[in-house]
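Trainee: If you read the sequences in order, they're chains H and C.
According to my numbering, the first sequence is numbered sequentially starting from 1.
According to my numbering, the second sequence is numbered sequentially starting from 1.
Just so you know, the hints here were simulated from the structure itself, not pulled from any lab data.
What you are looking at is a predicted structure, and each value in this text was computed from that prediction instead of being measured.
All C-beta atoms, glycine included, are put in the ideal place defined by N, C-alpha and C.
Treat the hints with care, since some could be wrong.
Which chain H residues stay away from chain C? Per the calculated CB distances, all over 12 Å, these [stated by the list, open to error]: (1) Ala14; (2) Gly17; (3) Thr38; (4) Arg48; (5) Ala80; (6) Glu84; (7) Ala102; (8) Val113; (9) Gln122; (10) Ala140; (11) Met152; (12) Pro159; (13) Pro176; (14) Ala181; (15) Ile185; (16) Ser217.
Derived coverage of chain C by chain H (criterion: at least 3 residues anywhere in the stretch with Cβ under 8 Å from a Cβ of chain H; other residues may be distant) [claimed, not checked]: (17) 28-40; (18) 179-190; (19) 244-251.
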Amino acid sequence: MTTAATDVTSAAYAALGSVRDPELDEPITDLGFVASCTVSCDGRARVRLRLPTYFCAPNFAFLMVADAYDALVATPGVLAAEVELEDHFASDAINAGVAAQAGFVASFDGEAVAELGDLRAQFLRKAVMAGTDQVCRPLAAAGATPQRLRAMTLGDVPPSGELDRLRQRRAELGLPAGDAAPLLIDPVSGERIAAEAVPLHLRRARVTRAGIEANTSICSGMFGFRYANHDREVS
Amino acid sequence: MYEKNGEKYFIVDSHMHYWNAAPDNWVPGAEQYAKGWIECFHAYQGLGPKETHWPIEKFQKYSEDDLMKDVFEDGYVDVAVFQPTYLKEWYKEGFNTTERNALMGERHPGKFVYNTRFDPRDGDAGIEELKRNVERFGSRGVKLYTAEWNAGSRGYKLTDPAAYRFLEVAQGLGIKNIHVHKGPTIWPLDKDAFDVSDVDHAATDFQELNFIVEHVGLPRIEDFCFMATQEPNVYAGLAVVIGGLMHARPKFFAKVMGELLFWVGEDKMTFGSDYAIWEPKWQVEGFVDWEMPNDPEFSDYPRLTTAGKKKILGLNAARLYDIKVPDECQLPEPAVA
Numbered sequence: 001m002t003t004a005a006t007d008v009t010s011a012a013y014a015a016l017g018s019v020r021d022p023e024l025d026e027p028i029t030d031l032g033f034v035a036s037c038t039v040s041c042d043g044r045a046r047v048r049l050r051l052p053t054y055f056c057a058p059n060f061a062f063l064m065v066a067d068a069y070d071a072l073v074a075t076p077g078v079l080a081a082e083v084e085l086e087d088h089f090a091s092d093a094i095n096a097g098v099a100a101q102a103g104f105v106a107s108f109d110g111e112a113v114a115e116l117g118d119l120r121a122q123f124l125r126k127a128v129m130a131g132t133d134q135v136c137r138p139l140a141a142a143g144a145t146p147q148r149l150r151a152m153t154l155g156d157v158p159p160s161g162e163l164d165r166l167r168q169r170r171a172e173l174g175l176p177a178g179d180a181a182p183l184l185i186d187p188v189s190g191e192r193i194a195a196e197a198v199p200l201h202l203r204r205a206r207v208t209r210a211g212i213e214a215n216t217s218i219c220s221g222m223f224g225f226r227y228a229n230h231d232r233e234v235s
Numbered sequence: 001m002y003e004k005n006g007e008k009y010f011i012v013d014s015h016m017h018y019w020n021a022a023p024d025n026w027v028p029g030a031e032q033y034a035k036g037w038i039e040c041f042h043a044y045q046g047l048g049p050k051e052t053h054w055p056i057e058k059f060q061k062y063s064e065d066d067l068m069k070d071v072f073e074d075g076y077v078d079v080a081v082f083q084p085t086y087l088k089e090w091y092k093e094g095f096n097t098t099e100r101n102a103l104m105g106e107r108h109p110g111k112f113v114y115n116t117r118f119d120p121r122d123g124d125a126g127i128e129e130l131k132r133n134v135e136r137f138g139s140r141g142v143k144l145y146t147a148e149w150n151a152g153s154r155g156y157k158l159t160d161p162a163a164y165r166f167l168e169v170a171q172g173l174g175i176k177n178i179h180v181h182k183g184p185t186i187w188p189l190d191k192d193a194f195d196v197s198d199v200d201h202a203a204t205d206f207q208e209l210n211f212i213v214e215h216v217g218l219p220r221i222e223d224f225c226f227m228a229t230q231e232p233n234v235y236a237g238l239a240v241v242i243g244g245l246m247h248a249r250p251k252f253f254a255k256v257m258g259e260l261l262f263w264v265g266e267d268k269m270t271f272g273s274d275y276a277i278w279e280p281k282w283q284v285e286g287f288v289d290w291e292m293p294n295d296p297e298f299s300d301y302p303r304l305t306t307a308g309k310k311k312i313l314g315l316n317a318a319r320l321y322d323i324k325v326p327d328e329c330q331l332p333e334p335a336v337a
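The shape of chain H in the complex, shown without the other chains (with noise of 0.2 Å):
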């Protein structure tokens, strides 16, 4: 392989890494769902997927393949690109699908009406809401009252990796995510949390985070003891 292929390959596999399991609010990368990839002299990325069950979830599993192709495409470098997942029971249903650019309904006939739109977003207001969990516990820890948490916005929070996720979140949803706004605000309507609503918030943002952490949990043990044993067989 050539240096410049090689160059493309880090790129490719980096931009995977702008990938997440909408569930799971995580990098493919970080989650070890990236089996391989390679892109070849003339730009063909090839990405080969694979993920913690024969049965996860195919809306989601969906959106990670289609997510993975945009990115590679968008890599300087990727001429084209094939996302095969594997080792999934509508892994050909998807790979299809988005290798025809066909979009959600029209690669499962008749079993959805709508795109995954409305999904992802759902998704992303968990992981506001767990975010939110995140960046307020070590500051009531510190002793932030809950109603100085909603007088707070997110300027006056200090720096961390957590805020900057949180900010992220928030963004993608189209909610204020700059200095101005309030650290608390409702995920759907992006207003500041009313005063009496804020302990029952912040409880929801705790549960949602547990929540999340518990699915992850059991979905990377889960993965390890699938491929472990595979790795083992093909060794």
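Add chain C to chain H, keeping to what the hints say.
Mentor: Here is chain C on its own, set in the frame of chain H:
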């Protein structure tokens, strides 16, 4: 019964199975689904302690003797509730049917509760089958797997008119407990198949029925918790929570338990081993020993007392199924909070 430090725990395993997922039971043409399903279950077993893992061949088809030893002899269980899952599109005789469970259970009187199931897409024939099963096996509960594939359909919701018809019939037949198990497919596929809002509606409209949401709505614990706190007849089935997290991810297990204790409460949580995914022995022992960590991160969660553990491990499910509990395992009166 399990005894530790002088405390006696009556154990009801409210969610367990006796399946045949071996190749001799795979439907020709659907082998990949039958194989994929049982391999997925097997990966769940990988989240339990290593010494409790089985080879895939045994996991596909275990014997009556295995079950009786693992669940009752070694696993401390007093009464176990069979939860059938049919999957007849993939398994010729079904994965784990009411009949298969009951034929085995009849040889062990008093040990089992036979739940049955229905599928709203089966129409009048399904109604007749439900009536026959309730009459023949005395079922007081049903297990509903909403992601089951049926004649081209990939699933249903409890709010479908056909599902309401079945719930009405079931209630008329004396069914009390509806165990709901969400899976990855549903119609339409663009919606979140794990969404539990249909359970919310059904629980409101069928106040006389109890809705036990298995694996506490995982992967939608947050939606389940918020729904359960508003519906007095919604329960948290702990299958997968204890088996999948307590050993493999103790920190997240503690968080999930904390959330469930806060939103749902110890009176509405029921233990289920999900056997043969996990054996009950280590789950019962570990749960009795478990305590909420003292770390500040967990400081605002409720604590779980010995009395709470007794409720979760058996007394709550015994109440749902009218199972007689020996006096020595009852809570002292008045109940310790």
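Trainee: For every hint, state whether the structure bears it out.
Mentor: The hints, checked one at a time:
1. Ala14: Check passes; 29 Å lies beyond 12 Å.
2. Gly17: Per Cβ check, Gly17 of chain H is outside 12 Å of chain C; nearest 23 Å; holds.
3. Thr38: Consistent with the label, Thr38 of chain H stays out of reach of chain C, its closest Cβ about 27 Å off (over 12 Å).
4. Arg48: Per Cβ check, Arg48 of chain H is outside 12 Å of chain C; nearest 18 Å; holds.
5. Ala80: 28 Å, holds
6. Glu84: 17 Å, holds
7. Ala102: 14 Å, holds
8. Val113: Answer for Val113 of chain H: violated, closest chain C Cβ roughly 4 Å.
9. Gln122: Since the minimum Cβ distance to chain C is about 7 Å, Gln122 of chain H lies within 12 Å and the statement is violated.
10. Ala140: 9 Å, violated
11. Met152: Met152 of chain H is indeed farther than 12 Å from all Cβ atoms of chain C, at 20 Å.
12. Pro159: 22 Å, holds
13. Pro176: Nearest chain C Cβ is 23 Å from Pro176 of chain H, so the label holds.
14. Ala181: Check passes; 23 Å lies beyond 12 Å.
15. Ile185: 18 Å, holds
16. Ser217: It is violated; Ser217 of chain H is separated from chain C by about 4 Å at its closest Cβ, not greater than 12 Å.
17. 28-40: n = 6 at 8 Å, threshold three: holds.
18. 179-190: Coverage by chain H holds for the stretch 179-190 of chain C (7 residues, Cβ < 8 Å).
19. 244-251: Coverage by chain H holds for the stretch 244-251 of chain C (4 residues, Cβ < 8 Å).
Checked against the numbered hints listed earlier, the structure breaks hints 8, 9, 10 and 16; every other hint is satisfied.
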